[in-house]
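Visitor: I would like the entire structure built from these sequences, with the hints used as guidance.
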Amino acid sequence: MRSSPTPPPLYLSLLLFLSWNSPVLSCMTVNNSKCESAPFVPGHNLIGEGFDVITLRRKGAYLIDVATYRKPDGTCTLCTNRNQNKTLQKLPASVVDWRAISQCKTDISSSAHTTVRYRSIFVGIGGTHSMAYAFATKKTKEDHYSLSTHTVTCTHYRLAVKILFSRDVASLPSRYNSSTRDQYNEVIDTYGTHYIRKVRLGGRLRRVTAVRTCLSRLNGFSSNELHSCLSMGVSIGLGKLNPSAVQGSCKNLLENRDVATRYSSGLHQHYTDVVGGDGWLGEFSLAYDDSLGFKNWLNSLKDHADVASYFIRPMYQLIPKGTKKSGMKAAIEQYITDNDVSQSHSQRNCWRGNSNLDFNCCPRQAWRGKLTVEIIQAWNLKGDHLGPTDSYVKLRFGSINHQTRMIESSYPRWNDNSILNPIFNAFFLMKVDTHSDVYVELWDEDLFYDDLLGSCSRRPTQGTRIFSCSADSGSYEFKTTLTCDSHLTGACIWGHLRPSKVWRPISPYHHFPASADPSDIVRWFLCPGWRPGTHRLTPCAAYRAWSLGSLGHSSRCPASRPGLVTQAQLPRSSRRVTALPCFCSAAAE
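For reference, each letter of the sequence shown is one residue, going 1 to 589 in UniProt numbering.
Keep in mind that the hints are not guaranteed to be accurate.
Unchecked claim - Below, simulated DSSO-like cross-link-like pairs (lysine-lysine); rule was C-alpha separation at most 30 Å, straight line: (1) LYS71 x LYS34; (2) LYS59 x LYS302; (3) LYS321 x LYS198; (4) LYS325 x LYS59; (5) LYS34 x LYS324; (6) LYS370 x LYS479; (7) LYS86 x LYS71; (8) LYS324 x LYS59; (9) LYS71 x LYS321; (10) LYS295 x LYS251; (11) LYS71 x LYS325; (12) LYS382 x LYS394; (13) LYS370 x LYS431.
As the list claims (entries may be wrong) - Listed next, with one range per pair, are the computed distances between beta-carbon atoms: (14) GLY220 x ARG405: 45 to 53 Å; (15) LYS251 x ARG405: 52 to 60 Å; (16) ASP289 x PRO320: 54 to 62 Å; (17) LYS329 x GLU283: 38 to 46 Å; (18) SER265 x GLU36: 53 to 61 Å; (19) LEU447 x GLY266: 22 to 30 Å; (20) GLY266 x ASP289: 14 to 22 Å; (21) ASN185 x GLU283: 34 to 42 Å; (22) GLN84 x ASN31: 16 to 24 Å; (23) GLY266 x GLU36: 52 to 60 Å.
The hints are simulated quantities; they were obtained by calculation from the structure and are not laboratory data. Glycine included, every Cβ here is placed at the ideal spot set by N, Cα and C.
Guide: Written out as structure tokens, the structure is:
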């Protein structure tokens with residue numbers, strides 16, 4: 001077993017090849033009349049086929065004739081298949097060896113590998129354009145992963161063919177160069193890069209499981225523990241281990257439960273493909289004995305065998321010596337180079353400068369991020385009976401406390417760009433645990449004691465949000481920007497939270513350019529108190545609509561402010577009541 005202190009994608013591959021014990025089948029040479037009525041041996045058309053080592057798929061085009069069964073003297077070869085009631089079955093003339101073999105192991109072998117280089121990840125999983133590769137690379141962009149391989153090997157039959165020259169390459173140009181490259185590539189596109197020289201028939205189940213190792217580390221798993229736990233899960237699901245053998249955190253992993261961050265998509269996802277058998281999809285639980293489908297599939301392989309393992313050779317070896325052979329060899333090598341994955345992936349020392357990342361770039365804690373809070377403005381304040389309000393704002397986030405400077409105004413703007421150093425005492429940066437709410441209080445400074453005018457709390461989410469809060473008279477607004485620590489997302493955990501409505505206030509003095517493109521506006525701005533059928537809009541900020549032909553202004557707002565929308569311009573279908581604070585807001589999902 002090989003392991004690495006740097007845990008990359010965890011792929012769980014399960015390859016199963018089935019066979020039953022059977023002696024070598026007896027074969028005989030018979031005349032043509034008996035050959036006509038006899039069926040072909042199982043899998044006769046699964047050999048000699050073109051094969052692409054990039055996609056790991058058979059091409060459907062044959063470099064070797066497997067349909068002709070008559071030999072030049074008119075005879076053919078019949079063999080007794082004891083796996084199918086001793087039925088006499090014929091061999092293609094190109095097949096030189098067909099027999100039943102006894103190589104069945106029911107034990108599950110396993111190994112763990114490093115994924116520092118992409119090539120080592122996908123050996124045995126799929127070519128660079130295969131479905132398994134596409135699944136794996138998609139997951140590697142989301143988190144760190146490790147690789148585990150679990151294998152059970154069994155086969156039914158073995159076939160081998162004679163090496164025959166394919167006349168389909170006769171029309172190739174004699175030399176391979178830039179001008180003839182397309183013609184050589186057409187042959188590769190049709191026949192692949194290799195051909196199947198020998199096959200072993202039975203079945204194969206492959207399960208590639210991508211486990212988020214950083215998320216798993218927060219749940220208390222090392223890379224070796226992940227591999228060991230998943231190995232037990234495979235044994236449980238296939239009926240080889242009692243579920244009672246698994247306890248504690250391993251049980252949570254097999255049940256795909258994230259107890260550290262409550263990530264809704266769980267710790268792992270998997271991709272499964274099945275070769276051979278009667279249509280079983282290859283799905284089974286890791287948490288309990290779910291082997292009925294697996295056992296039925298094993299029993300069906302005698303009559304529904306497919307390529308369980310194969311031996312391939314480069315297609316150019318079928319071409320006689322000469323410039324065409326060397327040209328095809330060069331064309332195949334170039335094709336593989338063009339489609340291969342890069343191996344130049346340097347290992348990062350990402351823990352430097354970030355106290356929340358460990359040596360393998362996994363976060364030590366979830367729910368961590370950088371929060372900035374900017375106090376923007378307030379309006380229509382009446383903290384003092386005579387004169388303007390001596391306003392300031394207090395901010396609290398957990399144990400962190402901040403306070404803005406006092407502005408003598410009933411319409412203070414703390415981020416006014418006309419003031420020297422506009423973010424002084426109005427812009428606060430904090431490293432935070434994102435479980436908490438941000439509390440913002442608006443105060444009026446007085447001689448003996450200060451008056452609290454209003455307070456509210458809001459839960460920051462990743463990205464930038466503008467919030468509005470009501471005071472005893474008037475209102476105030478502030479902006480939060482939450483940036484999650486590296487490898488954290490959503491609400492500073494993995495994945496995305498369930499979409500929720502976030503209400504974004506528009507200040508009384510906010511306006512939109514008359515040249516604004518209405519097609520860019522995807523939410524209505526509606527005010528509380530408005531009801532269908534009324535003829536006047538409530539006295540609040542701006543209104544703008546989606547897909548309007550033009551933008552006008554409201555009779556209740558100053559005509560000098562462009563970009564406001566009148567009630568008459570609101571399509572009937574949009575007239576919905578929205579219970580919001582007393583400022584126009586947009587619901588963004």
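Visitor: Hints numbered earlier in the text: which of these fail when held up against the supplied structure?
Guide: 5 and 19
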